Amino acid sequence: MSQLRGAVFGAGRMGRHHVRIMSQHPDVELVGVVDPDLACAQEVAAPWGAPVFASMDELPPIDVAVVVTPTHCHGEIALTLIERNVNLLIEKPLAECPETARQIVDAAKAAGVKLAVGHVERFNPAIQTLSRLSDDPKMISIERLSPYTPRIKDSVIYDLTVHDVDLACWLAKSSPVKVSAAGTKVFSETIDVASTVIEFENGCIATIQTSRVTQDKVRRITIAEPERFFIADTLRQEIEIKREAEVKYTRENDEVVFSQASVVEIPTLVSGGEPLRLEQDDFYDAVLSKREPLVTGEDGLRAVELVEQIEALCTT
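Going by the working numbering, 271 is the number at position 261 of the sequence shown; the sequence numbering is gapless.
Think of the hints as simulated: they come from the structure by calculation, not from any bench.
Hints are not guaranteed to be accurate.
As the list claims (entries may be wrong) - Here are the simulated lysine-lysine pairs, DSSO-like style, with alpha carbons at most 30 Å apart: (1) Lys163 / Lys188; (2) Lys148 / Lys300; (3) Lys119 / Lys183; (4) Lys163 / Lys227; (5) Lys227 / Lys300; (6) Lys227 / Lys183; (7) Lys195 / Lys163; (8) Lys195 / Lys227; (9) Lys119 / Lys300; (10) Lys148 / Lys119; (11) Lys183 / Lys252.
Treat the numbers as computed from the prediction; the structure is a model and nothing was measured.
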């Protein structure tokens, strides 16, 4: 028998994937998909034989829930489920503002339930390898560039930059102390391009370039350390590590000639599977083993606080 009873709230594009994964998980019995649009919920739930409900009040008792509703709904849904002692995995961003995010974090802590936030990029094998191998980052550069998608109504900051502020904090292994940013509108009424610099307590500096006006999809992270330089393409799942091997100064015709040789390492990336599945695995294990999830509520709150700062800087 499954050890946990679970439900998915939200039957949109991401909800469809979370329903599929929860229905296949050995530790969880999917007891319902909740969405006020019952026709949409039925379409998502039918392949897995899950019942559908228009509201949580119709739902039988559950132990865990994945919340994949529009962000502005997260607060009300999360706080009600926490009152019912339900452990939560909430898709990023945790909430639409820091105040609501803090309410969710505080309520979960007071109730003693687990709260995980769906910053799924942390489960990307290339990024997990970067986090494991890099131990003295001085400069982090993150590029997340995409073509324009009219269906996205949020600014590029809340839609995409939110991923990378979390990654920057995780990879820097430090807390942010200063944020600067600039952005512009191109195709929509919200910010479409943003450039952010975050300074950390340990002296590391992260630059984040986010765009939804490019023709190509780019996902690139570089990390500079005193003796190593990491280059990661997180779409292609490729990492290179460059080390300085030899530096020569020679004299030719009274001119100093400089040459440098580098060693390039290409680590093998071991994938544990689909990142979204790994995210749910981590959440259920955290609930069952009573440990903290990889991405905590506090992590989600910090990301919301940072993107609100960035949004304000880009719109003033």
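A quick look at each hint next to the structure:
no. : hint            : in the structure
1   : Lys163 / Lys188 : holds, 28 Å
2   : Lys148 / Lys300 : violated, 34 Å
3   : Lys119 / Lys183 : holds, 23 Å
4   : Lys163 / Lys227 : holds, 19 Å
5   : Lys227 / Lys300 : violated, 38 Å
6   : Lys227 / Lys183 : holds, 27 Å
7   : Lys195 / Lys163 : holds, 13 Å
8   : Lys195 / Lys227 : holds, 19 Å
9   : Lys119 / Lys300 : holds, 13 Å
10  : Lys148 / Lys119 : violated, 34 Å
11  : Lys183 / Lys252 : holds, 21 Å
Checked against the numbered hints given earlier, this structure breaks hints 2, 5, 10; the rest are met.
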